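Those protein sequence lines, which keep their order, are chains X and H.
With this note's numbering, letter number 179 in the first sequence gets 179, and the count goes up by one each step, no holes.
With this note's numbering, letter number 83 in the second sequence gets 83, and the count goes up by one each step, no holes.
It is possible that some hints are incorrect.
[Unchecked claim] Away from chain X, derived, C-beta distances all over 10 Å, residues of chain H:
1) Ala51
2) Lys61
3) Ser203
4) Leu247
[Said to hold, decoys possible] Not everything, but these chain X residues come out facing chain H in the computed CB check (under 7 Å):
5) Gln52
6) Tyr59
7) Gln134
8) Gly138
9) Glu141
Since the hints were made in silico from the structure, they are not lab data.
These numbers were taken from a predicted model, which means no experiment stands behind them.
Cβ coordinates follow ideal geometry from the N, Cα and C atoms, glycine included.
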Amino acid sequence: MSTPHSDQQYIEALVQNDPVLLNELYRRYSGKIKGMVLKNSGTEQDAADVFQEGLIALYQKASTGKFVLTCPLDAFLYTICRNKWINEINKRKGTGVTFTDTEGYSIDDDTFKSAEQVMQHHQRRELLEEKFAQLGEGCRELLELSWGGRAMEEVAGLLNITYAYVRKKKSECMGKLVELVKGSALFETLKW
Amino acid sequence: MTELLNEQMELYLAGEMDDAGKMAFEQQLQTDEALAQQFSLYKNIQEEMMAARQHYEGEKKLKANLQSLSSQYFSGTETTPAKVVNMKRKWYYAAASIAAAVLMFIFLKPALFPVNNQEIYARYAIPESLSVQRGAVADSICTVAAGFYNNHQYAQAKPQLQQCLTAQPNKTEVQLAYSICLLELKEYNTALNTFKAISEGNSLLKQRAVWWMALTYLKQDLKGQAIEMLQSIPADAPDYEKAQQLLKEIR
């Protein structure tokens, strides 16, 4: 396992929702994100949203317990936020705009790979939620109950239907979700 | 074939395959690359969605905190949730409400010398508990509603359930409880309409609404229509057995 960078403390702060360190995180890192967004046709609100969403993406990855920061946080967080902002501009304008400002950060391979890992994870989540929302109401109900940490026996009891029926139905619903995900244009670009 | 495969994957992941089945499945995974890929995708998707739900509360609290920091460090920011990257979390509210509450239903009782339709109705139409669990937005109203409803105080439950539904219109189990209230308060036509709306949706409770429509007809001595409803309940519906039992009694 890779050795964590000392900035790993900020990742822990996100997971633990530590107000003191989070404040420090904003104080130290939000300025450059603001500069990047404002320089590239965004507003302060856009910058605040991009910064927050970058941190949430990081939280989502870190809360799975499968993430160790091996590079400094500044360049890494900047890379995530820049990518988010480029995507957002392109969504708004329908164009393929890109920019390569680094605000003086040197973005090495390790930083880029770590950032990519977080971004891919976030995009997978978004895709899964999007496809999940397309399932029928019955499937959504059943999967929510089962993912909410309930044993299938309990789900069957709650719905007062047989265990065998619940299990069969759940596998059908999961099958549908998997197919929807596989059918998405994004599927191939995301590592599963 | 795919259905069978999905069921096998589900069984395997739930740790419910017997030893022989497990060995055979694992062997198949080793030799069949396409199966292995499908299995890994199935497993990853499931794990990812479970993790998302496990950390939902944490994510919500973190967002609230970040939001207030944003207003300190970025000028002119709103206190409303971030809008640039819409997280599409609407369904979470549905999730909380689904995880919340489901109706328990009728136990079969031995068919003992039915006297008339009202007697049969009373034996089958036992409104079961509506349970409201924590996490939903409008929980306090819904908890009060469930209290009256579970106590069979339908006149008091009705307006509360209505309010609960205003806050959370998609809660099928509450819609069903509300419809049962109407039925018990003898507002048959309205009850039939609301049961019908549920039965035309895609909820897991759709067939149960048909079952209650049958009971609504039975209560009004409209045996023919009750029979028609009971016959329309398909064999794979959870209430099929019960429906068949009732059919036998009233035919």
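Structure-based check of each hint:
{"no.": "1", "hint": "Ala51", "verdict": "5 Å, violated"}
{"no.": "2", "hint": "Lys61", "verdict": "6 Å, violated"}
{"no.": "3", "hint": "Ser203", "verdict": "5 Å, violated"}
{"no.": "4", "hint": "Leu247", "verdict": "19 Å, holds"}
{"no.": "5", "hint": "Gln52", "verdict": "5 Å, holds"}
{"no.": "6", "hint": "Tyr59", "verdict": "6 Å, holds"}
{"no.": "7", "hint": "Gln134", "verdict": "11 Å, violated"}
{"no.": "8", "hint": "Gly138", "verdict": "4 Å, holds"}
{"no.": "9", "hint": "Glu141", "verdict": "5 Å, holds"}
When held up to the earlier numbered hints, the structure conflicts with 1, 2, 3, 7 and fits the remainder.
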